[in-house]
Amino acid sequence: DIVVTQSPDSLAVSLGERATINCKCSQSVLYSSNNKNYLAWYQQKPGQPPKLLVNWASTRESGVPDRFSGSGSGTDFTLTISSLQAEDVAVYYCQQFYSSPSAFGQGTRLEIK
Amino acid sequence: QVQLVESGGGLVKPGGSLRLSCVASGFTFSDYDMTWIRQAPGEGLELISYIRYGGAGSPYYADSVKGRFTISRDNAKKSLDLQMDSLRADDTAVYYCARGGTHYFDSWGQGTLVTVSS
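Going down the list, the protein sequences come from chains A and B.
With the first sequence counted from 1, adding 1482 to any position gets you the numbering used here.
With the second sequence counted from 1, adding 128 to any position gets you the numbering used here.
So here's chain A without its partners, still in its complex pose (with noise of 0.2 Å):
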């Protein structure tokens, strides 16, 4: 089975600024046929569900803010917000899905500094 590993578990990033996770698989999640990686980033805020923000490691989903982009190949991958906002208060997790059964990493707290 694929690994998943977030880091770091926790960050804090001023409002404005710019926050960084990073999400390593154990091994390789792109797939030569379709030259695709088989990743995902979820936002989950207290109380509520995960929420799918990016598939295919770079594609937002519709009604993202344009702040949060994905990036990244083969085992090391990305998520990025360009500028911290108050709503971005969450916990985010990566997902491959290369191979079955998919898998989650273990998450990254975003707070406010």
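Label-pair distances were calculated between CB atoms; the ranges are:
id	chain 1	residue 1	chain 2	residue 2	range
1	A	GLU1499	B	LYS141	45 to 51 Å
2	B	ASP159	A	GLY1556	30 to 36 Å
3	B	SER192	A	GLY1556	26 to 32 Å
4	A	ALA1568	B	GLN238	18 to 24 Å
5	A	PRO1490	B	ALA204	46 to 52 Å
6	A	GLU1499	B	ASP159	41 to 47 Å
Okay, the calculated bits of chain A under chain B, using three or more residues with CB under 8 Å as the criterion:
id	stretch
7	1519-1532
8	1578-1585
Subject to a maximum C-alpha distance of 20 Å in a straight line, what follows is the list of computed SDA-like cross-link-like pairs (lysine to any residue):
id	chain 1	residue 1	chain 2	residue 2
9	A	LYS1527	B	SER235
10	A	LYS1527	B	ALA168
11	A	LYS1527	B	LEU241
12	A	LYS1533	B	THR230
13	A	LYS1506	B	GLY172
14	A	LYS1533	B	GLY154
15	A	LYS1527	B	GLN131
16	A	LYS1533	B	HIS231
17	A	LYS1533	B	GLU171
18	A	LYS1533	B	ALA168
19	A	LYS1533	B	SER153
20	A	LYS1533	B	VAL130
21	A	LYS1527	B	ASP234
22	A	LYS1533	B	VAL133
23	A	LYS1533	B	ASP161
Since the hints were made in silico from the structure, they are not lab data.
Don't be surprised by glycine CBs; every beta carbon is placed ideally from N, CA and C.
Mind docking chain B on chain A? Use the hints.
Same frame as chain A, but now just chain B:
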């Protein structure tokens, strides 16, 4: 719009049973894999079971629930169920119904809390 509504959670004693349901609306239910994902208090996300859209292949179960939980779906009723038997304290969690199975999960229900305690 896509909506998933779970029900059936509650307090149950160790060794007991509970049946969760998820009713879908706003999309063609029969076209999608469906999944149960749980989240223990203060913990991360655990995919516990999914069932394919056309019923192809056997459902998937995580080792933590294999042999105790059974997933099923009724495409006519647009519903997804999870029969949970031989419940243990470590099954205590919020259980989410999510659209998707072998890929990403693009819609989630609000969740239903299951508490296993004597």
